[in-house]
Amino acid sequence: MPKIPKTGAEALIRCLEKEGVEYIFGYPGGSVIPIFDVLYDSTIKLVLTRHEQGASHMADGYARACGKPGVVLVTSGPGATNTITGVFNAHMDSVPMIVLTGQTTQSGLGKDAFQEADIFDISMPVVKHSYLVRDPNDFPRIVREAFHIALTGRPGPVLIDIPKDVASGDFTGTMNAEMDIPGYKIPNELDNDEILKIAGHLNRSQRPLLLVGHGAIIARATVEIKSLAEKLQAPVANTMLGKGGFPETHPLSLGMIGMHGTAYANIALTKCDLIMSFGSRWDDRINGDNARFAPGAIKIHIDIDPAEIGKIVKPDAMIIGDCRQAADELLKHINTLNTRTWLRELNIIRKKNPLRYKKQGGLKVQHIVDELYDLTKGQAVICTDVGQHQMWTSQYYLIDEPDTWISSGGAGTMGFGFPAAIGAKIARPTKTVCVISGDGGFQMTMMELATAKNLNLPLKIIIMDNKYLGMVRQWQDLFFDNRLSGVTLDGNPDFIKLAESYGIKGFRLKRSADVKKILSLALAYNDGPCVIHADVVREENVYPMIPAGKSAEHLMTERPKRKLEKPTGST
Amino acid sequence: MSKKNEIIAGTEENCASHTISIYVANKPGVLVRVAQVFARRGFNIDSLVVSSGMDGKFSRMTITAQGNPENIEQIKKHVSKLVDVINAIEHTNLDVIEKEMTLVKIAANNSSRTELLQLIGHFKGETLDFTDSSLIVQIAGSTEKLNAFLSLAQRFGILEIVRTGKISIARGKELT
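Going line by line, the protein sequences match chains A and B. The numbering of the first sequence is my numbering, which starts it at 1 and goes up by one. The numbering of the second sequence is my numbering, which starts it at 1 and goes up by one.
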């Protein structure tokens, strides 16, 4: 590529190179041919996906695994709209992503030109920010702003819509453009009075509970939070996306909290006298009934997004700012608390209500995950899809390190796990990357088997096949008199034969006695991707469970004897 | 209004009118971003005025909407978070001057016109159009003043009303 870009597309790709972009996940089409033409000469590697949704999830998985923004490049119209699920997913989970969409020429805008979709407006509620580029000379400024916005503060996706004539138009500007975003504010000064107030609350607490969310991982606050928890001697629960924010094998860890979290974490929530959240949204997966949430506890909220403070829970004290800085500041003002009674009480609850499943009675997802955890020593990068298998994986695959747990939280996007794992493996090539998916979700994006094969990524793709949409079936079983409606997946393919048709190795897992053997074989296979088709029992339910719309007091650790009312919560 | 909206927008007792002044980058799409924040949370915008700021790089939006104070607080935070928004401030009545203007077409014949003109005079209104059957009147001032005029003018027969919506500016040296 010439040193000085001559066209908008050249300027764009040069800017991406300057930002350190190594990979673009994309799919071409008419309006982006000028950009793909420049990519031909670029150092940036293109990952050609089989669907634009796959591209967006790969970029998401890539970003979560290495912290750099994932970059997506797709064409106008359906190419752009196909990314929306992925953009929404990244927005819900605060994942940095840059989405470049082609657009019809400026003269065609608003005239229903071929493959014209008003993606700027369509995407508006699910992006952190967006641009419609009108002048090729704006690329340097816009790309710089886009990366800055995507990565800083509370991260999120930024969409850049590029009319074809802007991409192919003459570039006559400077590559060193300044950012011009006077409205973009990142809270960076902590309120010292609030720090002292919070320290006071902590120092008076006898039954504290720390809650670690995704924000703690994004803020790289794990070391500081660990020091804080250890100094306070306070137990720590994590949200699902907070897995990795605090080592789940740590003696102070209660594991995951919420709808399918551990009984002890949820019971701790009902009994604590103080709860302090680091970067969680107190969302309805952990707080089904706000009026009954941690009753009697002082609530402390630390978040970089001012709009999260008071959105759900009205905090008694709060810090708007960086979790790491906040934890660091708090460390200076807190004492070691006498929590021995509290920890002992929680230990008894834990012993009485452990996570449990039976290895007998057919092949169980829990058993496979449990064994995978042992075989990988908890060191793999785990990507999940959405549903029952996701909850079991959350429960049985404990995560100690940040960025090794990749799962769709806020959006609950089926089809996310497998493409996200492709992105994660590209970002972390030396790590063992495993996908735990279901037969439903896997079939939503399984065409990316071709992408995984082309790159020859040694992914372990475990498909938990119960031939049901298991989580919905569980709800219909528990709350709707087992009137199974629309949940039976008849006609699933033979996933082994499917894999083989792509030239991908397949392992069949049918009996619980074979779990260790088959998983060991799959983990040892590193010539490329492999699919493990696990023929699991069909009607297993996930426990513990808190019905949607209920507080943690309504936790069920096993199948209830009485008939349950229909849940009041939304999902 | 559906039940869900009531929960979001607050019950009628604590619904109050809020005027929020929003200073934004003067770019296409900003209005949509701001409007989405209100619409998604079940707020009806009563009035909206957008005009260019001092140097053309920025615009001023003055939005009046009904809702309970807590939800308005949340909306202000979400609006402030938009990258194109410089600030979003709700001023109290004390520290701000608020005005709006209305153009009203009122039926007027030989028997009613004199009395109507007296009324207009009392409200310091201006007659912009004068025909044998109607008048067009311009009234400017507080929302309450406009409402009072309109209610008094009702019995003459109001044919049409156009209102600008409220605009506001902070008192003293403080910037809006």
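Hints are computed from structural coordinates only; laboratory data are not their basis. Some hints here could point you the wrong way.
[Said to hold, decoys possible] Stretch-level coverage of chain A by chain B, calculated; a stretch enters the list once three of its residues show a Cβ under 8 Å from a Cβ in chain B:
{"hint": "1", "segment": "126-137"}
{"hint": "2", "segment": "299-311"}
[To be verified] BS3-like mimics (lysine-lysine), calculated; alpha carbons at most 27 Å apart, straight line:
{"hint": "3", "chain 1": "A", "residue 1": "K185", "chain 2": "B", "residue 2": "K105"}
{"hint": "4", "chain 1": "B", "residue 1": "K124", "chain 2": "A", "residue 2": "K185"}
{"hint": "5", "chain 1": "A", "residue 1": "K561", "chain 2": "A", "residue 2": "K550"}
{"hint": "6", "chain 1": "A", "residue 1": "K431", "chain 2": "A", "residue 2": "K332"}
{"hint": "7", "chain 1": "A", "residue 1": "K68", "chain 2": "B", "residue 2": "K81"}
{"hint": "8", "chain 1": "B", "residue 1": "K81", "chain 2": "A", "residue 2": "K314"}
{"hint": "9", "chain 1": "A", "residue 1": "K377", "chain 2": "A", "residue 2": "K510"}
{"hint": "10", "chain 1": "A", "residue 1": "K311", "chain 2": "B", "residue 2": "K77"}
{"hint": "11", "chain 1": "A", "residue 1": "K185", "chain 2": "B", "residue 2": "K145"}
{"hint": "12", "chain 1": "A", "residue 1": "K111", "chain 2": "B", "residue 2": "K27"}
{"hint": "13", "chain 1": "A", "residue 1": "K197", "chain 2": "B", "residue 2": "K77"}
{"hint": "14", "chain 1": "A", "residue 1": "K185", "chain 2": "B", "residue 2": "K99"}
{"hint": "15", "chain 1": "A", "residue 1": "K311", "chain 2": "B", "residue 2": "K81"}
[Said to hold, decoys possible] Not the full set, but computed from the structure, chain A residues with beta-carbon under 10 Å of chain B:
{"hint": "16", "residue": "F120"}
{"hint": "17", "residue": "R144"}
{"hint": "18", "residue": "E145"}
{"hint": "19", "residue": "R154"}
Bear in mind the structure is a predicted one, so any value in this text is a computation, not a measurement. Heads up, the beta-carbon is just placed ideally off N, CA and C, and yes, glycines get one too.
Status of the hints after comparison with the structure:
1. 126-137: holds (count 4)
2. 299-311: holds (count 6)
3. K185/A x K105/B: violated, 46 Å
4. K124/B x K185/A: violated, 45 Å
5. K561/A x K550/A: The hint holds at about 18 Å.
6. K431/A x K332/A: Violated, because 36 Å separates the two Cα atoms, which is more than 27 Å.
7. K68/A x K81/B: Since the Cα atoms of K68/A and K81/B sit roughly 22 Å apart, the hinted pair holds (cutoff 27 Å).
8. K81/B x K314/A: holds, 19 Å
9. K377/A x K510/A: Within the cut-off at roughly 23 Å; holds.
10. K311/A x K77/B: With Cα atoms ~10 Å apart, K311/A and K77/B stay inside 27 Å; holds.
11. K185/A x K145/B: violated, 39 Å
12. K111/A x K27/B: holds, 21 Å
13. K197/A x K77/B: With a Cα-Cα distance of about 23 Å, the restraint between K197/A and K77/B holds, given a limit of 27 Å.
14. K185/A x K99/B: violated, 31 Å
15. K311/A x K81/B: Between K311/A and K81/B the Cα gap is close to 14 Å, so the pair holds against 27 Å.
16. F120: Holds - the Cβ of F120/A comes within 10 Å of chain B, reaching about 6 Å at its closest.
17. R144: Constraint on R144/A not satisfied, violated at 13 Å.
18. E145: holds, 8 Å
19. R154: With a closest approach of 9 Å, the R154/A hint holds.
Hint compliance for this structure: hints 3, 4, 6, 11, 14, 17 are not met, and every other hint is.
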